[in-house]
Amino acid sequence: MDTFCTVYCYAVSRSSPDICSLTRIYYDAGCDDLSFSASNGVVLATEKKQKSILYDEQSVHKVEPITKHIGMVYSGMGPDYRVLVRRARKLAQQYFLVYQEPIPTGQLVQRVASVMQEYTQSGGVRPFGVSLLIAGWDEDQPYLFQSDPSGAYFAWKATAMGKNYVNGKTFLEKRYNNDLELEDAIHTAILTLKESFEGQMTEENIEVGICNEAGFKRLTPAEVKDYLAAIA
Amino acid sequence: MIKNTQCYRPRTDLLLGKKKKKKKKAKKAKKKKKKAKKKKSTSCTSGKHKAHFTKMATLAVRQSPVGGFSFENCKRNAVLEGEANKVGYSLPAARKTGTTICGVVFKDGVILGADTRATEGMIVADKNCSKIHYISPNIYCCGAGTAADTEMTTQIISSNLELHALSTGRVPRVATANRMLKQMLFRYQGYIGAALVLGGVDCNGPHLYSIYPHGSTDKLPYVTMGSGSLAAMAVFEDRYKPDMEEEDAKRLVRDAIAAGIFNDLGSGSNIDLCVITKGKLDYIRPHDEANKKGVRTGDYKYKRGTTSVLTKSVTALNLEVVEETVLTMDTS
Numbered sequence: 001m002d003t004f005c006t007v008y009c010y011a012v013s014r015s016s017p018d019i020c021s022l023t024r025i026y027y028d029a030g031c032d033d034l035s036f037s038a039s040n041g042v043v044l045a046t047e048k049k050q051k052s053i054l055y056d057e058q059s060v061h062k063v064e065p066i067t068k069h070i071g072m073v074y075s076g077m078g079p080d081y082r083v084l085v086r087r088a089r090k091l092a093q094q095y096f097l098v099y100q101e102p103i104p105t106g107q108l109v110q111r112v113a114s115v116m117q118e119y120t121q122s123g124g125v126r127p128f129g130v131s132l133l134i135a136g137w138d139e140d141q142p143y144l145f146q147s148d149p150s151g152a153y154f155a156w157k158a159t160a161m162g163k164n165y166v167n168g169k170t171f172l173e174k175r176y177n178n179d180l181e182l183e184d185a186i187h188t189a190i191l192t193l194k195e196s197f198e199g200q201m202t203e204e205n206i207e208v209g210i211c212n213e214a215g216f217k218r219l220t221p222a223e224v225k226d227y228l229a230a231i232a
Numbered sequence: 001m002i003k004n005t006q007c008y009r010p011r012t013d014l015l016l017g018k019k020k021k022k023k024k025k026a027k028k029a030k031k032k033k034k035k036a037k038k039k040k041s042t043s044c045t046s047g048k049h050k051a052h053f054t055k056m057a058t059l060a061v062r063q064s065p066v067g068g069f070s071f072e073n074c075k076r077n078a079v080l081e082g083e084a085n086k087v088g089y090s091l092p093a094a095r096k097t098g099t100t101i102c103g104v105v106f107k108d109g110v111i112l113g114a115d116t117r118a119t120e121g122m123i124v125a126d127k128n129c130s131k132i133h134y135i136s137p138n139i140y141c142c143g144a145g146t147a148a149d150t151e152m153t154t155q156i157i158s159s160n161l162e163l164h165a166l167s168t169g170r171v172p173r174v175a176t177a178n179r180m181l182k183q184m185l186f187r188y189q190g191y192i193g194a195a196l197v198l199g200g201v202d203c204n205g206p207h208l209y210s211i212y213p214h215g216s217t218d219k220l221p222y223v224t225m226g227s228g229s230l231a232a233m234a235v236f237e238d239r240y241k242p243d244m245e246e247e248d249a250k251r252l253v254r255d256a257i258a259a260g261i262f263n264d265l266g267s268g269s270n271i272d273l274c275v276i277t278k279g280k281l282d283y284i285r286p287h288d289e290a291n292k293k294g295v296r297t298g299d300y301k302y303k304r305g306t307t308s309v310l311t312k313s314v315t316a317l318n319l320e321v322v323e324e325t326v327l328t329m330d331t332s
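Residue numbers (UniProt numbering), protein chains in the order written: chain A, 1 to 232; chain B, 1 to 332.
Only chain A is shown next, with the shape it has when bound in the complex (with noise of 0.2 Å):
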């Protein structure tokens, strides 16, 4: 994955036309994830591209658990993901034993967004590589958000990010309405996944979180091998 980071992380102090255009992050996301919320769950799948053959792949996931009941993706840099999730892990354990209460999904992306934002606007150091998405579960809803490397945010219902998030999206449009069920969304993300998918797609090649009541998991790979197989 390509990375270029323009960042004049001093000169935003000085005053410019377009403080926007100062820092800008261009980075090719290489891997494609999409989300899906349902009316019972939420899906996170990712395709898990790796450079060689030789590369140990259940080493390594895209999917991660935050909590019992809130999971993230990323499209971007890995290495700077592994930081966010360390981070956001630690913020919902601090939310937790101030509150005696699981952290609500949106506080969440909320102060993993501002950790994000943070970075945009502090000396010395640069943005965020990773756009995110965070799948959550409370109160018997399942909630969806992303977050920038700005540190905006926003909540969804389906979306795409990476490579193909346009062919993506388009595709989620088609095919979102508001009652399906969380087996229909594993299906119809993994076959979202699929149109963009260059060669086959194994259940080694891609990761798929699920989060509902029960709370988050990620989908272990003969699980995921019963979902394509239905596809194909």
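All clues given are correct.
When the alpha-carbon atoms are kept at most 16 Å apart in a straight line, the in silico EDC-like pairs for lysine to aspartate or glutamate are as follows: (1) B:Lys280 x B:Glu246; (2) A:Lys157 x A:Glu173; (3) A:Lys90 x B:Glu162; (4) A:Lys157 x A:Asp184; (5) A:Lys68 x B:Glu162; (6) B:Lys293 x B:Asp126.
Derived by calculation from the structure, the hints in this document are not laboratory data.
Position chain B against the provided structure of chain A, taking the given hints into account.
Positioned in the frame of chain A, the structure of chain B alone reads:
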């Protein structure tokens, strides 16, 4: 402010003694250090305080503490307490849970038991408090000692253990929780009054630890803690057998806690149980209501007119108003 801390720097270089140096060199070194001291001390204090500060600095051998409690107020607190006692007042004490807690390892797992009385001196503060705290889905911890300390310590370690489990991607082990707890308690040198019984089941089987407020731990098949620990331990020592069945083990723990409840003033009310096995967790609260509040059998309400009035005489008291004070009440 900054100048003061410079004066306070512990002069370990003087203390750790470069005694073997030749006199001339030592003198030169001393002169240099004196000059350095002079410079520093004149910048923050007048001449007469100079010696005082440098003396104070040399007394502090240990390294300045990083994080954790600062014990500077302990001396002040002791002085305040002494002065209060002289006048006849006693400072309020922290609420202790004068408790009976115990744990036992049986065939398939671990059973933790606790009573439910929280005491504040000689008064029962809470008749039904929960002393078995959650650490992780497969690890629970009973707490005796200061109620706030056990509550917050177990919560903090529970959060840290969850972060650890997410980071490693594995089910947390009881030994990890034990390490975290003992290292935290030792860091606070016993000032956190939490005596814990930690039990759980992980990939290596069932484990049971007892953790003391100063940070020492014991790994045993059966443990008891709290003021009723002797009564409970007597029951264990009599009837414990390795590899018991679940029902026998539950009865044993129930009897041990009951012994604590009935023979120790600091323990009472109900018995809570927590059975942890590989696949299953049973948090039974209450397992046994050993001390149910009785129901009143009689009633002392009488109708008006039950007692007939025979005579009635009214005597007026001649009172003189000596002093009148008005106390305003803030009704805002």
